[in-house]
Amino acid sequence: SQQGEEDPQALSIQEGENATMNCSYKTSINNLQWYRQNSGRGLVHLILIRSNEREKHSGRLRVTLDTSKKSSSLLITASRAADTASYFCATVRGGSQGNLIFGKGTKLSVKP
Amino acid sequence: EAGVAQSPRYKIIEKRQSVAFWCNPISGHATLYWYQQILGQGPKLLIQFQNNGVVDDSQLPKDRFSAERLKGVDSTLKIQPAKLEDSAVYLCASSLIGAQDTQYFGPGTRLTVL
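Respectively, the protein sequence lines represent chains A and B.
The numbering used here applies: residue 73 is where the first sequence begins, and numbers increase by one.
The numbering used here applies: residue 551 is where the second sequence begins, and numbers increase by one.
Calculated directly from the structure, the hints in this document are not laboratory data.
Please note that the accuracy of each hint is not assured.
As the list claims (entries may be wrong) - Below 20 Å or equal to it, Euclidean Cα-Cα: the simulated EDC-like pairs (lysine to aspartate or glutamate) are:
#1 A:K183 x A:E87
#2 A:K128 x A:D155
#3 A:K142 x A:E127
#4 A:K141 x A:E77
#5 B:K594 x A:D155
#6 B:K612 x B:D651
#7 A:K179 x A:D155
#8 A:K176 x A:E77
#9 B:K621 x B:D607
#10 A:K176 x B:E635
#11 A:K176 x B:E618
#12 A:K179 x A:D79
#13 A:K128 x A:D138
#14 A:K128 x B:D651
#15 B:K594 x A:E77
Can you build the whole structure from these sequences, using the hints too?
See the structure below:
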């Protein structure tokens, strides 16, 4: 069953612009994670935000979490062509064994 | 630190044949996961091991899929017999303890069933 829904499904921007992707989920969570997947490659963990956190930064990445709205956003600042990839949010349900439930992802294209 | 290793990277088989995938997690990681990722979708968990015990296999089609993790290290995932709808990328991941840790993914095995 799918927990996270990313929005938009696809996003195309120019290098240097910021990219914002959103994720909504349905049930209470323990944490929410964002992953990147380059074409034909495995997933790379970007950032984990716990349910008691509201914002987290890592380099050019900024993640926010609003548990009252059951939503999260991922902001990539000053995007580069190398950021072209699919981005997935994944949630770990509260009280669960830690199984990640992924959304369908946002396909980001950054044009040079 | 070496990452999660998987083999083979690609496999093409006929329907009704059998296939096996292998995964070597990051050294010291107690938890190992197998995911199935169908084209255009996010990964879906098939099975989770904690050391060599199964924690969750609720989404594993047990009539055709099986998995084992001998000695709590390497793991194999088998499909027998394969169906057309099994065409997907099979991803292995591991985490240090389990539930609340970051999962590290291998490169995946792309399976095509003809």
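20 Å limit on alpha-carbon distance, applied to hinted pair K128 of chain A and D651 of chain B: Judged against 20 Å, a Cα distance of about 16 Å means the pair holds.
Hinted pair K179 of chain A and D79 of chain A, Cα distance within 20 Å: OK: K179 of chain A and D79 of chain A at ~10 Å, within 20 Å.
Given hint D155 of chain A paired with K128 of chain A - CA-CA distance at most 20 Å: holds (19 Å)
Straight-line alpha-carbon gap K594 of chain B to D155 of chain A, limit 20 Å: Measuring from Cα to Cα gives roughly 24 Å; hence the hint is violated.
Proposed proximity, E127 of chain A with K142 of chain A (alpha carbon, max 20 Å): OK: K142 of chain A and E127 of chain A at ~14 Å, within 20 Å.
Proposed proximity, E635 of chain B with K176 of chain A (alpha carbon, max 20 Å): With a Cα-Cα distance of about 18 Å, the restraint between K176 of chain A and E635 of chain B holds, given a limit of 20 Å.
Restraint check for K128 of chain A with D138 of chain A, where alpha carbons must lie at most 20 Å apart: holds (12 Å)
20 Å Cα cutoff - pair K179 of chain A, D155 of chain A: holds (10 Å)
Proposed proximity, D651 of chain B with K612 of chain B (alpha carbon, max 20 Å): Not OK: K612 of chain B and D651 of chain B at ~27 Å, beyond 20 Å, violated.
20 Å Cα cutoff - pair K594 of chain B, E77 of chain A: This hinted pair holds, its Cα atoms lying about 14 Å apart.
Given pair status - D607 of chain B, K621 of chain B, alpha carbons within 20 Å: holds (19 Å)
Hinted pair K176 of chain A and E77 of chain A, Cα distance within 20 Å: holds (7 Å)
Against the hints set out earlier in the document, violations occur for numbers 5, 6 and 11.
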